[in-house]
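Asker: Going line by line, the protein sequences match chains A and B. Following this note's numbering, the numbering of the first sequence begins with 17 at its first residue and continues without gaps. Following this note's numbering, the numbering of the second sequence begins with 12 at its first residue and continues without gaps.
Honestly, the hints are just simulated from the structure, not real lab data. Please read all numbers here as calculations on a predicted model, not as lab measurements. Among these hints, one or two may not hold up.
[Said to hold, decoys possible] The following residues of chain A were derived to be distant from chain B, with all beta-carbon distances above 10 Å: (1) Lys26; (2) Ala52; (3) Glu58; (4) Ser61; (5) Ile64; (6) Pro71; (7) Gly78; (8) Ser80; (9) Ala93; (10) Gln100; (11) Asp117; (12) His154; (13) Ala194; (14) Ala197; (15) Lys203; (16) Leu205.
[Claimed, not checked] Here are some of the chain B residues that sit facing chain A, going by a computed Cβ distance under 7 Å: (17) Thr66; (18) Ser68; (19) Thr90; (20) Val91; (21) Ala93; (22) Thr116.
[As the list claims (entries may be wrong)] Computed Cβ-Cβ distance ranges for the label pairs, DEER-style: (23) Thr116(A) / Arg73(B): 14 to 22 Å; (24) Phe49(B) / Gly178(A): 54 to 62 Å; (25) His107(A) / Leu101(B): 19 to 27 Å; (26) Thr75(A) / Gly125(B): 19 to 27 Å; (27) Leu138(A) / Arg127(B): 49 to 57 Å; (28) Ala162(A) / Leu50(B): 55 to 63 Å; (29) Asp48(A) / Glu54(B): 32 to 40 Å.
Note that CB positions come from ideal geometry on N, CA and C, so glycine has one too.
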Amino acid sequence: MFVIVVGCGKIGYQLSRALLAADHEVVILERDSQRAARAAEELGSVVISSDGTEPTVLTEAGASRSQLLIATTGQDATNLVACQVAKRTFHVPQTIAVVTDPDHVELFKRLGVDVTISTTELILSHIEEEMPGGPLVHLLSMQGAANGIVSVRVPAGSPAVGRPIAEVALPAGTALAAVVAKNGEIKALGTGLVLEQDDDVVAITPPDKEALLWRALTGGT
Amino acid sequence: MPRTVMILGCGRVGAMVAKALAAEGDNVIVLDRDADNFLRLAEGPNLQMLVADGTSSEELRRCGIERVDAFISLTAQDTVNALAAQTAQLSFGVAAVVCRINDPTRRIMYEELGLRTVSPPQVMTDLVLNALGK
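Pulled out of the complex, with its shape left as it was, chain A reads as follows:
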């Protein structure tokens, strides 16, 4: 699938990484040139340093042949306009907007955005209070897709801490998309990866494997 991601902050970056890892074609539009340059170092030449709400920029990015646009900036207004321009001017079949103001969930749907993801509501509804230390946060669940993207923070005392990743019993059918250390460093995925306390593990998983994944990473029951 050819996906355009608008905004390369934390959400846009991790999402793009996961999509690229799953062999999707991705173009990322990031207005801030420094942030774009940093992302390009990690992700390669898929980052364009431009404003994703500008029709000329979307033309250059190939919006008219893209199947999905995901607007992930921290500004709801930017995300709305990016989706509306994609939908109306470029006929992108599916648009997804991240919103921070819960009032915008309904409004954006009425304005033609296919899927809205309210970060505030997600965090409120999905952080499981009873889970000690490392809650499982749903970053993204796509309509009609079998897998979701989740994030788990590795707590102190987890059996996964200090062990090579090969020895951590991750459930079959799940895959690590990224591991981010507490200091923000992105760890290389591979057999040499060792998890540490407070690492954020971003993984792709079907919903019925979430509990197993969480247990493997936190040691909780």
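Fit chain B to the given chain A structure using the hints.
Answerer: Just chain B, lined up with the frame of chain A:
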């Protein structure tokens, strides 16, 4: 009968529109995120200035959008104007909504979506061509 008009954005354009409408006797409420921009205006009996984020439905409601006859978004940012104007039109059912959109392609799109738009580059172009006798 005087109307109540809410204007988002107290830049040069927003301030001039506010003054003109207030001089005609309308009740004008001007919103801006930055109180410094209100230095362009003087408070009057029918001119009110409120610091608010026009992209938040909650703040628009707090500023009284449910009681206005018209809403005009005139900030320098197309994205902010588009969100605020569509909120006024759809969420609050404001009868008359006017939205500043600088980018010409986006302007056409929002016209098609049913917004009344004004585009400063378009207005300037028309005036320049007119001044040249075209």
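Asker: Look at each hint and say if it fits the structure.
Answerer: Hint by hint, here is what the structure shows:
Residue placement check: Lys26(A) keeps its beta carbon more than 10 Å from all beta carbons of chain B (closest about 20 Å). Taking the minimum C-beta to C-beta distance to chain B, about 19 Å, the non-interface status of Ala52(A) holds against the 10 Å cut. Look at Glu58(A): its CB is around 27 Å from the nearest CB on chain B, clear of 10 Å, so calling it non-interface holds up. For Ser61(A), the condition that its CB be more than 10 Å from all CB atoms of chain B holds, with the nearest at approximately 26 Å.
No Cβ of chain B approaches the Cβ of Ile64(A) within 10 Å, the least distance being about 18 Å, so the stated non-interface status holds. With a closest Cβ-Cβ approach of about 4 Å to chain B, Pro71(A) is found to fall inside the 10 Å limit, against its non-interface label. A cut-off of 10 Å between C-beta atoms confirms that Gly78(A) is not in contact with chain B; the least separation is 16 Å. At the 10 Å boundary, the C-beta of Ser80(A) stays outside the reach of chain B, the nearest C-beta of that chain being 13 Å off.
Interface exclusion of Ala93(A) from chain B breaks down, the closest Cβ pair being 4 Å apart, not more than 10 Å. Against chain B, the non-interface label of Gln100(A) is violated: not every CB pair exceeds 10 Å, the least being about 7 Å. A cut-off of 10 Å between C-beta atoms contradicts the statement that Asp117(A) is not in contact with chain B; the least separation is 6 Å. The claim that His154(A) is not at the interface with chain B holds, since no C-beta of that chain comes within 10 Å of its own (minimum 25 Å).
With a minimum CB-CB distance of about 29 Å to chain B, Ala194(A) clears the 10 Å threshold, and the non-interface call stands. Annotated as non-interface, Ala197(A) keeps its C-beta farther than 10 Å from every C-beta of chain B; the closest such distance is 34 Å. For Lys203(A), the requirement that its beta carbon stay farther than 10 Å from each beta carbon of chain B is met, with the minimum near 35 Å. The claim that Leu205(A) is not at the interface with chain B holds, since no C-beta of that chain comes within 10 Å of its own (minimum 36 Å).
Contact between Thr66(B) and chain A, as hinted, is supported at the beta carbon level, the nearest pair being about 5 Å apart and thus within 7 Å. Among the interface hints, the one on Ser68(B) holds; its C-beta lies about 4 Å from the nearest C-beta in chain A, closer than the 7 Å criterion. Among the interface hints, the one on Thr90(B) holds; its C-beta lies about 4 Å from the nearest C-beta in chain A, closer than the 7 Å criterion. Checking Val91(B) against chain A by beta carbon gives a least distance of about 5 Å; that is within 7 Å, so the hint holds.
Hint status for Ala93(B): holds, given a least beta-carbon distance of 5 Å to chain A, under 7 Å. Given hint, Thr116(B) at the interface with chain A, holds; its Cβ is 4 Å from that chain's nearest Cβ, closer than 7 Å. In this structure, Thr116(A) and Arg73(B) meet the distance hint of 14 to 22 Å, their C-beta atoms being roughly 18 Å apart. In this structure, Phe49(B) and Gly178(A) meet the distance hint of 54 to 62 Å, their C-beta atoms being roughly 58 Å apart.
Distance hint check: the CB atoms of His107(A) and Leu101(B) are about 22 Å apart, consistent with the given range 19 to 27 Å. Here the CB-CB span from Thr75(A) to Gly125(B) is close to 24 Å, well matched to the stated 19 to 27 Å. Distance hint for Leu138(A) and Arg127(B): a CB-CB separation of about 36 Å, inconsistent with the stated range 49 to 57 Å. For Ala162(A) paired with Leu50(B), a C-beta distance near 57 Å keeps the hint of 55 to 63 Å intact.
One distance hint, 32 to 40 Å for the beta-carbon pair Asp48(A) and Glu54(B), holds here, with the actual separation near 37 Å.
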